[in-house]
Amino acid sequence: AVLGCQIGVEMSYIPGQPVTAVVQRVEIHKLRPGENLILGFSIGGGIDQDPSQNPFSEDKTDKGIYVTRVSEGGPAEIAGLQIGDKIMQVNGWDVTMVTHDQARNRLTKRSEEEVRLLVTRQSLQKAVQQSMLS
Amino acid sequence: AMDTESTYSGYSYYSGHSKKSHRQGERNRERHKSPRSKDGRGSEKAVTIQAPTGEPLLGNDSTRTEEVQDDNWGETTTAITGTSEHSISQEDIARISKDLEDSVGLDCKRYLGLTVAAALGLLVFLTPIAFILLPPILWRDQLEPCGTICEGLFISVAFKLLILLIGTWALFFRKQRADLPRVFVFRALLLVLIFLFVVSYWLFYGVRILDSRDRNYQGIVQYAVSLVDALLFIHYLAIVLLELRQLQPVFSLQVVRSTDGESRFYSAGHLSIQRAALVVLENYYKDFTIYNPNLLTASKFRAAKHMAGLKVYNHLFPKGPSNNATGQSRAMIAAAARRRDSSHNELYYEEAEHERRVKKRRARYSVPLSEITLILMNLRGEKRWAPPGVVRPREAAQVIFPSMARALQKYLRTTRQQHYHSMESILQHLAFCIAHSMTPKAFLERYLRAGPTLQYDKERWLSTQWRLVSDEAVTNGLRDGLVFVLKCLDFGLVVTVKKIPFIALSEEFVDPKSHKFVLRLQSETSV
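Chain order of the listed sequences is A and B.
Residue numbers for the first sequence follow the numbering used here, so the first one is 56 and each next one is one higher.
Residue numbers for the second sequence follow the numbering used here, so the first one is 3 and each next one is one higher.
Just so you know, the hints here were simulated from the structure itself, not pulled from any lab data.
Take these hints with a grain of salt, some might be off.
[Unchecked claim] A partial selection of chain A residues facing chain B, derived with a Cβ cut-off under 10 Å:
id : residue
1  : 94
2  : 105
3  : 106
4  : 109
5  : 127
6  : 146
7  : 151
8  : 155
9  : 158
Note that CB positions come from ideal geometry on N, CA and C, so glycine has one too.
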């Protein structure tokens with residue numbers, strides 16, 4: 056997995072304005088244990104879901120897609136995906152404002168062997184702030 | 003002692019039978035009366051002859067305290083050293099004279115009002131008939147003939163008069179329920195209005211028709227019809243003013259009994275004070291529990307015992323230096339406070355003891371209760387078979403009565419209701435319950451709790467003459483914050499008038515679509 060940092064201002068959500076966040080690029084190679092291609096994590100969230108039940112989000116009105124579980128030794132863990140990450144893009148397609156099923160479909164396209172995710176998390180923000188101060 | 007008993011027998015005027023329970027009740031009343039005499043009881047009667055001379059008839063303790071307070075007082079009064087057997091007490095004199103003046107005064111007023119109203123009614127009723135009948139009698143040959151139209155008008159006049167008669171009878175001719183102190187303002191106004199109205203019609207008739215001998219008979223009959231129509235409208239006005247206006251509740255009357263604080267709320271419309279008092283009294287007899295002076299004396303005795311030690315007599319201590327006096331008084335106050343705390347304890351225990359005693363008595367008659375159930379069940383069976391010796395309820399009651407009489411009597415004495423139920427009344431009630439196949443519990447229900455005043459004999463009521471005490475004229479209308487008092491011999495009802503608040507009710511429309519709910523899930527999918 057290639058790590059890259061794109062520096063943004065802060066993770067905020069203002070309706071109608073573009074979202075700015077510090078993101079990390081995560082590239083996952085799908086594993087093929089049998090017929091299915093799996094990535095090795097679980098997602099939750101979506102615009103058709105109830106955002107107040109999301110344990111990972113800071114803002115309880117955030118309807119984004121979050122990583123709720125990462126299976127041990129799976130491709131996602133190897134690629135550096137962590138639990139609680141918010142997925143912003145999947146292969147260039149934005150998933151910040153999609154339904155749960157749409158996000159799932161984007162991630163599990165049979166024709167793609169790799170998925171490149173842009174994820175963001177709180178610790179990234181803090182790390183950037185510290186590096187800017189020092 | 004015999005003298006005082008005979009002079010106070012004036013109060014037994016209310017009940018003719020002298021039974022053992024009644025005598026006890028009388029003694030209770032006497033005991034209750036004497037401590038209150040200090041409040042100037044003489045002022046409550048209409049006639050007081052020599053108020054201070056009543057004192058020697060009562061206990062000695064009252065006169066002694068009076069003498070200590072004011073030595074000069076005794077010199078200006080004449081004292082009766084004793085009463086002979088032929089004297090009547092001042093209460094009797096006051097009562098007789100009050101009854102006399104009450105009966106004469108009120109009957110006069112009532113009959114005067116009735117005769118005036120009846121005379122006016124008769125005049126009003128006969129006027130249209132007179133209008134129609136006078137022209138044919140006086141100048142028949144000069145009248146124009148008037149055929150079917152007049153006959154139709156005659157019929158309409160006849161029926162309208164009939165309706166008016168029935169309506170007036172329904173509205174005005176009702177048995178008077180009460181004697182009110184002042185005249186009914188609206189009723190008087192209406193009578194005056196009707197009188198003026200009829201007089202003006204007669205004036206017009208006399209001047210324009212009788213004098214000029216008008217020949218148009220149809221016009222005259224129509225004039226009479228217009229009078230009857232107008233009378234019907236006045237009758238409608240009377241209904242609205244006298245009956246309908248007071249129906250809508252505008253005020254809420256809070257009634258509190260002065261002796262034990264029992265309170266109720268009643269609704270009233272736009273009434274005058276005297277009519278509101280009437281409403282309160284009519285509801286008093288059925289809602290408030292009967293006034294029991296024995297309960298009051300019992301609690302008073304208990305409270306008085308504990309209040310006795312709380313007074314701080316400053317003049318008993320010599321006036322020494324300031325710190326000494328304050329120190330002593332402070333010690334006294336502290337001792338009194340401590341004693342008050344402990345005396346509250348005693349009060350509580352005594353009340354708990356009283357309740358326990360009542361419960362024990364109640365438990366004691368549960369045995370005769372089961373006996374009664376058995377006997378009653380057997381009796382009911384016998385009645386169905388109609389045996390040769392038919393058992394009448396009265397005889398059945400006499401059979402059962404001795405077995406539970408003693409227990410019931412003891413219970414009544416514990417709850418201090420014994421003077422409300424004589425042996426005869428209990429027997430009658432038992433016969434009544436047997437005749438209607440009531441269970442023993444239904445029979446006992448009347449004795450378990452103090453019921454409203456209507457439940458008891460009229461002689462035991464102790465509250466039939468009422469006086470209305472009010473700041474304002476009693477014909478004024480009710481308004482918010484008004485207070486008036488209804489005084490009886492032994493107690494009073496304090497009535498406070500409160501206005502029902504203006505209610506602002508608004509509407510909230512609920513979209514039926516909003517009743518549909520969305521199930522919000524948080525699903526997790528593995529990819």
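Tell me the numbers of any earlier hints that the structure contravenes, in ascending order.
5, 6 and 7
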